[in-house]
Structure formats: C-alpha cells, structure tokens
Amino acid sequence: MEQVVFHDWKLSEAEALELQCQFAGRVERTDRIDYVNTVAGVDVAYDEQSNRLVAAAVVLNATSLTIIEQAIAEDVAQFPYIPGLFSFRELPPIAKALSQLKCKPDLIICDGQGIAHPRRFGLACHVGILFDVPTIGCGKTLLRGAHETVGTIRGDYAPLIDDREIIGRALRTQDGIKPVYVSTGHRVSLPTACTWILALCTKYRLPETTRHADQLVKSLLKR
DNA sequence: GCGACAG
DNA sequence: ATCTTGTCGC
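Numbering-wise, the numbering used here puts 46 at position 46 of the first sequence, and it's gapless, one number per residue.
Check before you lean on any hint, since a few could be wrong.
[Stated by the list, open to error] Computed beta-carbon distance windows for the label pairs:
1. Arg32 <-> Ala146: 19 to 25 Å
2. Asp163 <-> Asn37: 34 to 40 Å
3. Ser12 <-> Asp175: 45 to 51 Å
4. Asp156 <-> Glu18: 35 to 41 Å
5. Glu18 <-> Arg154: 36 to 42 Å
6. Trp9 <-> Ile161: 28 to 34 Å
7. Ala14 <-> Lys203: 41 to 47 Å
8. Asn37 <-> Ile166: 27 to 33 Å
9. Phe6 <-> Val36: 23 to 29 Å
10. Arg154 <-> Arg26: 31 to 37 Å
11. His7 <-> Gly176: 41 to 47 Å
[Said to hold, decoys possible] Once the Cα atoms are required to be at most 30 Å apart in a straight line, the calculated DSBU-like pairs of lysine-lysine come out as:
12. Lys96 <-> Lys140
13. Lys178 <-> Lys222
14. Lys178 <-> Lys140
15. Lys178 <-> Lys218
16. Lys222 <-> Lys102
17. Lys203 <-> Lys104
18. Lys104 <-> Lys140
19. Lys222 <-> Lys203
20. Lys222 <-> Lys96
21. Lys218 <-> Lys140
22. Lys10 <-> Lys222
23. Lys218 <-> Lys96
24. Lys178 <-> Lys203
25. Lys104 <-> Lys218
26. Lys96 <-> Lys10
27. Lys203 <-> Lys218
28. Lys10 <-> Lys104
29. Lys140 <-> Lys203
Please keep in mind that the hints were generated in silico from the structure rather than gathered at the bench.
No experiment lies behind these values; they were computed from the predicted model shown.
All C-beta atoms in this analysis are idealised placements derived from N, C-alpha and C, irrespective of residue type, glycine included.
Could you build all of it, start to finish, from the sequences and the hints given here?
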C-alpha cells in the first residue's frame, strides 16, 4: 500500500508536539469506510540491547480471519519512549512494513490509542493520516484518565471521558476478562470501531489481528 | 514539589 | 516493550 503523507521522523520533542496538534485537525471521527474485505494488524517488538525495533503488518480475510499477507520491517529506534509521543518511536518501522503490502487493507487495527490521547492524536490516528486508511486504536491500558465501571459480559462497555468529551470506550471483549480501550483512529466512528473489535476478538481478549502481528514480531526478534 | 505516564 | 516459575485449567 502507498503512504500518502510524509514528514520528518527526526524531530525534537517540541516539534513532535506541534506536529500532533496540527495533524489532529485532519482526523475524521465518522465512518468513511468501504465494505471491509480485509483487516490488518500491526505491532512492534523491541530489542533493548541493539536498540532495534521489528515491526509487522498482518492482513486477514475479514470474515474467515485467515492470513492473506504479511510484511515485516526493521529499524533502529530514533525516538525515545515518551507517553503521549508514542507514535514517533513505533511508526517508522510500521510505515515501512505497511508500505511493503501488495494490497491496501480496508481497515487497520493498532496496538495503542486513537483519539483517546491528550492531544487526540494517538498512534492509530497517525497511521490513518499517513496512509489515508480507516484505523482503530485498541489499547491494553489507558494513557490517562479513568472510566466508569464496565459490565462483566462480553460486549459491555463504558465511555472514556476526558475534559467532558467522549474519546473512546472501555470494552469487555470476553466475559470476566479485563476490558480493552477502543477509540477512533481515522475514518471509523466509535460504535463501528467497537463492533469490529468484538468481531475480531473471537477467542481472546485482544483482536486476532494484533495477536498475529505480535506473534510474528516476537518470533522474528529471537533470531 | 509530587504524581501520572499507550508500548 | 521486556525481564521471568510455577500453576491453574481445558
């Protein structure tokens, strides 16, 4: 698939903050998504010793959830891990992997937040803008703030609120299991995002897309 | 000054 | 993210 928006990755912290505020205005929080035939998952693994990052993009058939295509990329970390500026560290290798895909996925699930972010521009938004593709942020923990109690049954959810604005949902993907945090990445509404996350969490807490990508990068890092 | 802080 | 043993359960 083709990246359509480019910018320098070697930025100062202040420049990264400025870029987020600028790009946040381009994020689309409503549905602008075609029929979904394929869904992709992306993830990154680290090697502290070599300061190396390994990224993978795994494309699945949206209904059978079988793997259609995979792509991997490697990179040397150019940006430190700073909460709130996460994408500037993980996105370079992810963009490389996505660029290698023969076909453009109809939807991409990211391991992290979408607009559930202090400047409403988490990793999922960044990926969505750079490739002009529908994306969803599905994180395992919250970047900031809290949420009200979530029902205990799969499908139950509670709104994520920041500054009196609903920025996402804590969503229970399996009965009695800790919920995940879903938010709009780009071109996907919150309700649609949650429907997709539930459809992808067939057996485990996390979506099959991110599970496949996670498994791939970890196996690659061991070599 | 102190605490909070995606992966 | 990653470092790590055993243990509970299908």
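Results for each hint:
The given range of 19 to 25 Å is broken by Arg32 and Ala146, whose C-beta atoms sit roughly 31 Å from each other. Distance hint check for Asp163 and Asn37: the Cβ-Cβ separation is about 37 Å, which falls inside the suggested range of 34 to 40 Å. Judged by the Cβ atoms, the range 45 to 51 Å given for Ser12 and Asp175 holds: they are separated by roughly 46 Å. As the Cβ distance of Asp156 to Glu18 is approximately 39 Å, the hint placing it in 35 to 41 Å holds.
At about 41 Å, the beta-carbon gap between Glu18 and Arg154 stays in the expected band of 36 to 42 Å. The beta-carbon spacing between Trp9 and Ile161, approximately 32 Å, falls within the hinted interval of 28 to 34 Å. For Ala14 paired with Lys203, a C-beta distance near 44 Å keeps the hint of 41 to 47 Å intact. Checked against the hint of 27 to 33 Å, the pair Asn37 and Ile166 passes, with Cβ atoms roughly 30 Å apart.
For the hinted restraint 23 to 29 Å between Phe6 and Val36, the CB-CB distance of approximately 26 Å keeps it satisfied. For Arg154 and Arg26, the Cβ-Cβ distance of about 34 Å falls inside the hinted range of 31 to 37 Å, so the restraint holds. Between His7 and Gly176, the C-beta spacing of about 43 Å keeps the proposed range 41 to 47 Å intact. Proposed proximity of Lys96 and Lys140 is supported: the alpha carbons are some 24 Å apart, at most 30 Å.
At roughly 29 Å between alpha-carbon atoms, Lys178 and Lys222 fall within 30 Å of each other, so this suggested pair holds. Annotation: proposed proximity of Lys178 to Lys140 holds, straight-line Cα distance about 9 Å (limit 30 Å). Among the hinted pairs, Lys178 with Lys218 is consistent with the structure: their alpha-carbon atoms are about 23 Å apart, no more than 30 Å. Taking the CA atoms of Lys222 and Lys102, the gap is near 26 Å; set against the 30 Å cutoff, the hint holds.
With a C-alpha separation of about 26 Å, the suggested pairing of Lys203 with Lys104 holds against the 30 Å cut-off. About 26 Å separates the Cα atoms of Lys104 and Lys140, which keeps this hinted pair within 30 Å; it holds. Only pairs whose Cα atoms come within 30 Å are accepted, and Lys222 paired with Lys203 is accepted, the gap being roughly 26 Å. Restraint check for Lys222 and Lys96: the C-alpha separation of about 20 Å stays at or below 30 Å, so the hint holds.
Annotation: proposed proximity of Lys218 to Lys140 holds, straight-line Cα distance about 18 Å (limit 30 Å). In summary, the hint linking Lys10 to Lys222 is supported, as the alpha carbons are separated by about 28 Å, within the 30 Å threshold. For the suggested pair Lys218 and Lys96, the alpha carbons sit about 17 Å apart, so the restraint of at most 30 Å is met. Restraint check for Lys178 and Lys203: satisfied, since their Cα atoms lie roughly 14 Å apart, inside the 30 Å limit.
Among the hinted pairs, Lys104 with Lys218 is consistent with the structure: their alpha-carbon atoms are about 24 Å apart, no more than 30 Å. A hinted pair counts as satisfied when its Cα atoms are at most 30 Å apart, and Lys96 with Lys10 qualifies at roughly 16 Å. Note on Lys203 and Lys218: the hinted pairing holds, with a Cα-Cα distance of about 20 Å set against a maximum of 30 Å. Taking the CA atoms of Lys10 and Lys104, the gap is near 27 Å; set against the 30 Å cutoff, the hint holds.
Restraint check: the Cα-Cα separation between Lys140 and Lys203 comes to about 16 Å, which is no more than 30 Å; the hinted pair holds.
This entry does not satisfy hint 1, going by the numbered hints stated previously; all others are met.
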